[in-house]
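Please work from the sequences and hints to get the whole structure.
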Amino acid sequence: MSTKKSVSSGKFAKSVIEIWQWGGPCQLETFDPKPSAPHDYNNGLKSIKTNAGFEIHEWLPNLAKCADLYSVVRTLTHPFGGHEKATYLMQTGHVPGIEPITYPALGAIISSMKMKDYEGEIQPFVILTQAKGRFSEVGFLGDFYAPLVTGGNPNARIFEVDGIVPPGGLTTEQINMRFERALQFDHLRLPKNAAFDLAGEQARRIITGKAAETFDLSREKKETRDRYGRTFFGQQLLAARRLVEYGVPYISINYNGWDSHKRHFETMKRPTAEMDQAVSALLTDLKERNLLDSTLVWMSGEFGRVPKVDRQPPWNGGRNHFPRCYSALVAGGGFKGGAVLGVSDDTTDNVKERPVTPVEFLGSICELAGVDPEGRLPNPKGIELDVMPLPKGANAGHGRMKELYA
Amino acid sequence: MTIDRREFICGTTAFALLGSVSAASRNTIKAVYENGNRASDFLACRRLYLDICGRIPTPQEVRDYLANKRGSKYEDLIDNLLASEDFADYWSMRYCDILRVKSEFPINLWPNAVYVYHRRIRRSIADDEPWIDFARSLLCARGSNFRVPETNYMRATASKSPVGLSETASMTFLMNPTDKYAKYFSRVGFKPTKEWKEEIVYLKDGPADLVPEAFMNELEGPLRAEFNATQPKRVLYWIFNEMPRPMALSDATSVFVRNGYRLKPLLKHIFKSSAYRAGPIRGKFPARRLDAEVLDDALCSITGAKRDFTSIAPEPFSFLPPERKSILVEDGSITNAFMLNFGRPARDSGALEERKNDITVKQRLYLYNSSKLWHDMSRMATDKAFAAKPHAVQVDELYMKFLSRSPVKDELAIIDPNGKGDIRNIAWHLMNSFEFLYRI
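Quick note, the sequences are listed as chains V and Y, same order. Read in my numbering, the first sequence has 330 at position 330, and its numbers run on one by one without any break. Read in my numbering, the second sequence has 31 at position 31, and its numbers run on one by one without any break.
If you're looking for bench data, these hints aren't it; they were derived computationally from the structure. Ideal placement from N, C-alpha and C gives every residue a C-beta, glycine not left out. Be careful, since some hints might not be right.
So these bits of chain Y aren't anywhere near chain V, every CB distance computed over 10 Å [what the hints assert, rightly or not]: (1) K73; (2) L174; (3) T193; (4) Y237; (5) R307; (6) L320; (7) K356; (8) W374; (9) H391.
Sample of chain Y residues facing chain V (criterion: CB under 7 Å; computed from the structure) [to be verified]: (10) E167; (11) A337; (12) G343; (13) R364; (14) L365; (15) Y368; (16) N369; (17) S370.
Below is the structure:
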């Protein structure tokens with residue numbers, strides 16, 4: 001008998017929630033504060049102690065109360081200072097510009113590999129609410145694995161997920177009537193095309209089935225909605241939790257607004273507070289619903305920000321891109337809580353101990369989600385490709401973030 | 001001008017029957033789409049507009065065509081459309097797919113270069129420049145990518161190493177990526193200038209015979225047979241939606257070469273062929289789902305909706321005028337959710353397969369149920385001039401706009417049984433029909 005665990009054995013994370021902080025959040029004002037560094041590094045702001053003992057930034061009071069539910073990586077590092085190359089690396093694990101093919105992002109990899117164990121009618125890969133756009137998220141895997149990009153505003157009265165939630169207030173009866181007529185009407189559209197009919201039938205089931213309900217946030221209690229914060233981001237995380245309950249294997253939230261080149265401290269305080277409320281609500285909600293063990297949550301951006309604030313115009317107290325040492329949050333789904341991986345120096349200018357590469361970071365998420373990062377990646381070209389290009393032999397390094405495995 | 005109703009009125013109940021269409025009824029249905037084994041007039045006209053101009057004909061254009069009594073009207077239409085601006089717009093979109101015109105990752109042409117390169121490609125199509133001359137100008141260009149548009153060919157690749165350039169060039173001109181010709185690109189160098197994102201393509205020192213010109217000479221010499229067949233193969237694929245059989249390919253190749261490697265004579269030859277003029281039923285003409293851009297343009301022109309293209313990357317942000325046709329969006333990096341959903345190619349590799357014309361659940365979901373489309377159709381239905389017309393005229397107009405024909409009586413029995421149905425519902429049925437979504 002094989003000793004390898006299978007995806008369906010239940011020992012792996014069933015769902016993954018990715019919170020992608022597009023633009024690159026600052027490590028200092030999140031999970032790697034340096035209150036004793038010079039003023040130009042921290043603007044005089046302090047840190048607070050979490051319930052797990054380690055320190056995070058004072059802008060995150062709610063996350064400080066539930067640090068037993070998540071762990072922090074403080075030493076992610078890579079050499080790419082431009083958004084697109086850094087995003088590509090941090091999403092696919094592959095160094096950009098070397099091979100003439102475009103690799104799929106983590107969400108497409110995990111959802112495509114878990115597809116066979118998923119019976120839902122919503123696509124196994126959902127993006128709230130806009131695609132990353134700078135590169136194709138499915139890469140060479142092809143359109144079949146493309147994510148559902150919801151569009152719409154989860155904080156609006158009706159979260160209109162284009163295509164799934166019926167517009168114009170149509171009743172189920174009216175919708176069914178339409179489909180019946182459409183069937184008759186289209187019956188004579190010759191020549192027949194089986195793929196067209198099949199796709200139509202499946203689409204109809206989604207519209208008239210449970211899928212649309214999943215996006216109906218009005219089914220949540222008022223207190224629950226308030227707990228996540230009545231913000232675009234907060235309600236996105238609530239929608240993500242509902243998608244986890246539905247069974248969707250991979251949910252990605254593209255969370256814009258972290259590219260704080262100018263007036264960093266003035267612009268980042270509010271979004272950081274929003275994030276603090278929503279992420280802490282998500283983690284505690286998942287825990288209360290007994291879903292945290294089976295749901296892996298990770299949050300990071302493509303890089304961090306330059307530790308020393310640039311006071312000169314046009315930046316006026318801004319921070320530029322900084323890939324050399326930055327942070328991430330991981331929780332649930334096989335990661336333990338309350339731990340810190342890696343140590344940065346006194347300013348976060350450099351990694352002091354235990355550098356973590358993007359491929360190692362993504363490889364660990366794959367492994368905990370039941371996708372062997374050293375396995376092969378099925379592809380339409382039929383070439384032999386690794387799930388993650390983990391370094392081998394003498395350069396293998398740690399390979400995974402085993403220190404954070406539960 | 002009135003439409004020739006004989007084309008469409010069948011006078012049977014065939015359209016109302018489900019699953020058990022009698023042989024007699026089937027023949028009447030066929031008469032809508034076929035005339036003998038050939039596509040019927042409205043269908044032939046619609047096909048030519050879709051394949052040459054990348055758009056559905058306007059109701060007036062269809063009426064003009066049907067009213068035209070000249071024996072040569074089909075050939076005349078081909079000539080007229082091939083001379084139109086729309087032709088250059090649509091076919092430059094196809095060429096930009098294979099030449100990887102996009103500003104961002106992994107190609108990184110950057111916006112200025114995208115626009116000069118696109119303009120150069122469009123001129124090549126409009127002037128019907130011989131492919132062999134175009135190929136040479138792309139491979140042998142040197143200088144600034146802003147001033148010499150052709151230099152962007154060499155820049156438009158994910159890997160600018162000799163191996164990467166060899167794979168790209170053999171992909172473009174032979175449809176067979178290989179590193180075999182890396183030596184011919186070993187001297188190609190790229191250097192920046194003080195102008196933002198300007199780049200000079202130049203030759204580094206080295207042996208005189210290891211230059212891209214030598215690769216071009218191989219294309220014209222030992223690789224000639226493959227080179228000659230490459231572009232005809234693509235053209236046939238684009239039109240028939242499948243890789244051509246050897247016979248069809250050798251026929252098209254000889255026409256192409258005999259006509260000095262020009263696209264238009266080849267297209268004329270194809271459009272006049274019996275394979276292309278075959279009806280969709282007996283003739284088994286292959287259906288093709290409309291390209292993402294073509295479908296978007298069709299929906300926007302029918303409902304009057306504005307297009308939505310912005311690009312936040314790279315800075316400075318790009319905004320396109322809302323009336324810009326989707327087929328004319330030069331930059332493959334400027335996109336939107338509709339384009340992604342309907343399979344517009346990423347333009348990463350230049351492979352034909354990057355463009356997806358198959359139908360997916362997500363696409364049908366969108367068309368069935370999109371709130372945007374519903375709002376667009378609501379706006380169309382409440383448009384003052386439109387709302388003032390009698391119901392039957394409105395329905396006829398919708399049919400002409402969506403399907404390029406008038407309704408058949410028995411279709412209306414299904415989707416407009418009492419003759420006063422919600423116009424948005426009727427539009428919904430037409431928009432979701434195979435006949436609209438495919439070039440049949």
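Now the hints, each set against the structure:
1. Separation of K73(Y) from chain V is adequate, the least Cβ-Cβ distance of about 25 Å exceeding the 10 Å criterion.
2. Look at L174(Y): its CB is around 15 Å from the nearest CB on chain V, clear of 10 Å, so calling it non-interface holds up.
3. With a least beta-carbon separation of about 19 Å from chain V, T193(Y) lies farther than 10 Å from that chain, consistent with its non-interface assignment.
4. Every CB of chain V is more than 10 Å from the CB of Y237(Y) (nearest about 17 Å), matching its label as outside the interface.
5. No beta-carbon of chain V comes within 10 Å of the beta-carbon of R307(Y); the shortest separation is about 16 Å.
6. The beta carbon of L320(Y) is kept farther than 10 Å from every beta carbon of chain V, the shortest such distance being approximately 15 Å.
7. The beta carbon of K356(Y) sits about 5 Å from the closest Cβ of chain V, which is not more than 10 Å, so the claim that it is off the interface is violated.
8. Non-interface call for W374(Y) relative to chain V: violated, since the shortest CB-CB distance, roughly 4 Å, does not exceed 10 Å.
9. The beta carbon of H391(Y) sits about 17 Å from the closest Cβ of chain V, which is more than 10 Å, so the claim that it is off the interface holds.
10. Checking E167(Y) against chain V: minimum C-beta separation of about 6 Å stays under 7 Å; hint holds.
11. Annotation: interface hint on A337(Y) holds; nearest CB of chain V at approximately 5 Å, less than 7 Å.
12. Look at G343(Y): its Cβ gets to within about 6 Å of chain V, closer than 7 Å, so that hint holds up.
13. The interface hint given for R364(Y) holds, since its Cβ lies 4 Å from the closest Cβ of chain V, which is under the 7 Å cut-off.
14. Interface hint status for L365(Y): upheld, as the beta-carbon distance to the closest one in chain V is roughly 4 Å, under 7 Å.
15. Among the interface hints, the one on Y368(Y) holds; its C-beta lies about 6 Å from the nearest C-beta in chain V, closer than the 7 Å criterion.
16. Proximity of N369(Y) to chain V holds as hinted, the smallest CB-CB distance being about 5 Å (cut-off 7 Å).
17. For S370(Y), the interface hint holds, since its Cβ comes within 7 Å of a Cβ in chain V; the closest pair sits about 5 Å apart.
In the structure shown, a violation is registered for the earlier hints numbered 7 and 8, in ascending order.
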